[in-house]
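Asks: If you want the building blocks of each chain, they are given just below.
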Amino acid sequence: MADTLQFELVSPERLLLSEQVEMVVVPGTDGYFGVLPKHAPVMSTLRPGVIDVYRGGAIAQQYFVAAGFAEVNVSGITVLVDEAVPVAEITRAKADERRASAQSLVEKATSEDDKRKAAAAMRVADEMASVAGRAN
Amino acid sequence: MPSLKDFRVRIASVQSTKKITSAMKMVAASKLRRAQEAAEAARPYAEGMEKMLGNLAGSFKGQAGGPKMMSGTGKDEAHLVLVMTANRGLCGGFNTNIIRNARLLIRELKDKGKQVKVLCVGRKGRDSLRRDYRDLIVDSFTEFARKRVAFVEAAEVSAKVTEMFNTGQFDVCTMVYARFKSALTQVVSRQQIVPFPMPESAAAPMPYEYEPSDTEILEELLPRNLAIQIFRSMLENAASEQGARMTAMDNATRNAGEMISGLTLKYNRTRQAIITKELIEIISGAEAV
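Protein chains in written order, with this note's numbering: chain A, 1 to 136; chain B, 1 to 289.
Rather than coming from a laboratory, the hints here were simulated on the basis of the structure. One or more hints might be untrue.
As the list claims (entries may be wrong) - Heads up, simulated EDC-like pairs for lysine to aspartate or glutamate below, C-alpha to C-alpha not over 20 Å straight-line:
(1) K68/B - E219/B
(2) K75/B - D171/B
(3) K114/B - E77/B
(4) K117/A - E163/B
(5) K25/B - E37/B
(6) K38/A - E209/B
(7) K115/A - E156/B
(8) K160/B - D114/A
As the list claims (entries may be wrong) - Quick list of the computed label-pair ranges, beta carbon to beta carbon:
(9) R134/B - T91/A: 45 to 51 Å
(10) K117/A - E258/B: 54 to 60 Å
(11) T91/A - R43/B: 30 to 36 Å
In this text, all values refer to a predicted model and were calculated from it rather than measured experimentally. Built from N, CA and C at the ideal position, the CB exists for glycine as well.
Only chain A is shown next, with the shape it has when bound in the complex:
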């Protein structure tokens, strides 16, 4: 059996996942990066995207995350996210709904801050839609 590392996926409301895995690929702000055991310590912000969890040489689980942080250290990788949805649960309809609410935010936004937030929501919706497109 290959080396494993501890992977923890945590949302503010609860611990979603905590287990030994072979590799994790996370959507860092500067691009996707894979984390194998004995990875150098890294701290990164995340952008909307998909976390791939590898076990037995193949993707075992996939989660869609909106935003968050990843911390890699000697004990493993900890990912703090606002929300995480298993990719299997994402549907076209959900993505469209999200898009509609993001769109209304964009239209309502007046201040710089609001505009920035609306754009972020839009990016999440877009990413969700592309994930849904790939899945179906």
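On the provided structure of chain A, position chain B as indicated by the hints.
Replies: The following block gives chain B in isolation, referenced to the frame of chain A:
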């Protein structure tokens, strides 16, 4: 002297009160368990956040500047008081204690000549503070935590606080809430959340690589940390509220029980007195003939 019927009515009414309070106690007990579980479940995130902040603090140590949310605005003029209470009453001294503490804080700050603003989370706090400090309350959130505390709600409060801070409406933010110790004791506490006191990193900072950069991560992390701190205290508050309600309702049930036995005793005595009186009347009537 109250008639027998009066006693019966009294006893029946106290009995139905007792039924209500004991049901409320049971409801509070089950809600308390759920609130405690929620507080427990939220811990890993808060701990992870704390660890990351600790590591970042290590790399920022000794440097001047840094994000304002951490180092402060350099002034101490305008204060924001975040008062967290329940939406509902009937929970003993829970709301009263928090509000009293908040009033004290407001008065202290005013005596020092500071400018005070109040943000209420929870209806009870708003209703009570509105009487004296109407012009100080900038906003209130009262539609919260109906069933359970959701993170989005905390995020909403934190967004408001962040926005106020960024537009320079206050320098220091303090939160007043009840920390949950046990079902019997809740401690009203104050916690300063802006500027955020940096956690002392215990171990020497590990040589982390930062992506995109440490400043950018910190800038993302701090507002989120604010939301987490608020979320945490909302959870603590929810557990405290249920604990306080459970204790209060337990006391009320016991008092009602005592009252019922006292009233029943009086009822029986009065009944006996009436029977005796009737007997005396009959006997003395018979003797007179």
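Asks: So which hints don't hold here, by number, going up?
Replies: none
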